[in-house]
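Colleague: Per the working numbering, residue 742 is the first one in the sequence shown, and the count goes up by one each step.
For the record, the hints were derived by calculation from the structure and aren't laboratory data. The reader is advised that the hints may include incorrect statements.
[Unchecked claim] No farther apart than 30 Å at their CA atoms in a straight line, the calculated lysine-lysine pairs in the DSS-like style are these:
#: 1; residue 1: 938; residue 2: 926
#: 2; residue 1: 758; residue 2: 777
#: 3; residue 1: 827; residue 2: 777
#: 4; residue 1: 935; residue 2: 827
#: 5; residue 1: 935; residue 2: 828
#: 6; residue 1: 926; residue 2: 989
#: 7; residue 1: 828; residue 2: 843
#: 8; residue 1: 935; residue 2: 989
[What the hints assert, rightly or not] Across the chosen pairs, the derived CB separations fall in these ranges:
#: 9; residue 1: 938; residue 2: 873; range: 46 to 54 Å
#: 10; residue 1: 987; residue 2: 808; range: 19 to 27 Å
#: 11; residue 1: 784; residue 2: 915; range: 34 to 42 Å
Keep in mind the model is a prediction, meaning the values are calculated, not measured. We put the CB at the ideal spot given by N, CA and C, even for glycine.
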Amino acid sequence: MIMPEDIRDKSLLTQEKLNLRSWGLPTTILEKYAAKGIENMFPWQVECLTSDGVLAGRNLVYSAPTSAGKTMVAEILTIQTVLERKKKVIIILPFISVVREKMLYFQNLLGSSGVRVEGFMGSHAPPGGLRTVHIAICTIEKANSLINRLLEDQGLDSVGCVVVDELHLLGDPHRGYLLELLLTKLKYMCLKDKSLKIQVVGMSATLPNIAELAAWLDAALYVTTFRPIPLTEYLKVNSGVYDVSTLKLIY
742 MIMPEDIRDK SLLTQEKLNL RSWGLPTTIL EKYAAKGIEN MFPWQVECLT
792 SDGVLAGRNL VYSAPTSAGK TMVAEILTIQ TVLERKKKVI IILPFISVVR
842 EKMLYFQNLL GSSGVRVEGF MGSHAPPGGL RTVHIAICTI EKANSLINRL
892 LEDQGLDSVG CVVVDELHLL GDPHRGYLLE LLLTKLKYMC LKDKSLKIQV
942 VGMSATLPNI AELAAWLDAA LYVTTFRPIP LTEYLKVNSG VYDVSTLKLI
992 Y
């Protein structure tokens with residue numbers, strides 16, 4: 742049973758954590774965020790991060806609309822994994838172009854903090870492979886290959902977090918099986934070896950079966966409909982335009 746004081750304490754915690762400086766990030770990273778105009782988080786991001794067990798390493802599955810700031814949640818967990826836990830992070834994205842874009846973004850954000858970020862995509866892989874990097878940005882295929890190599894070399898314990906962007910691709914008829922296989926291997930190995938502490942973080946704007954996925958991954962679940970800019974829908978019928986929420990004729 743949730744008591745009123747529990748709700749009040751949660752609200753106070755959220756307010757305290759809205760400022761990025763409260764998350765213990767290095768000054769160099771805070772300056773990079775500030776240069777992008779980011780000094781505070783949205784309340785939903787704080788609520789998501791402080792969901793039961795997430796900051797202690799529990800798996801997390803969450804859904805938020807496009808432009809709501811989904812990536813910030815994963816970025817905080819990624820940075821904490823690398824700088825505090827001293828573990829590697831594998832970030833999985835669907836396309837080579839997005840991998841390249843995210844690689845450059847993280848290199849700019851974290852490079853001055855001594856964090857090496859590289860991309861694994863197509864025929865490209867950095868010299869030294871995963872062994873020499875802190876954060877690996879990968880396509881689904883490359884991520885699966887990296888996990889296989891780590892299993893062969895018994896090096897899976899070097900990884901602390903696996904982030905899956907666009908988690909709804911599990912349902913893709915062509916590539917979904919590979920992502921499911923990758924996550925199944927991680928789940929199996931963590932069950933087999935209790936010393937492995939690999940946090941799986943999955944996000945998407947569209948996840949119709951999100952509760953089932955969270956249950957499968959034994960993950961904390963967070964869903965929000967928040968949009969920084971409200972979305973207004975209109976419907977055009979013949980020559981008239983109607984507000985969908987009120988069905989009133991606009992013009």
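Colleague: Hints first: check each against the structure and report whether it holds.
Modeller: Hints, one by one, checked against the model:
| no. | hint | verdict |
| --- | --- | --- |
| 1 | 938 x 926 | 14 Å, holds |
| 2 | 758 x 777 | 19 Å, holds |
| 3 | 827 x 777 | 26 Å, holds |
| 4 | 935 x 827 | 18 Å, holds |
| 5 | 935 x 828 | 16 Å, holds |
| 6 | 926 x 989 | 53 Å, violated |
| 7 | 828 x 843 | 19 Å, holds |
| 8 | 935 x 989 | 59 Å, violated |
| 9 | 938 x 873: 46 to 54 Å | 22 Å, violated |
| 10 | 987 x 808: 19 to 27 Å | 24 Å, holds |
| 11 | 784 x 915: 34 to 42 Å | 38 Å, holds |
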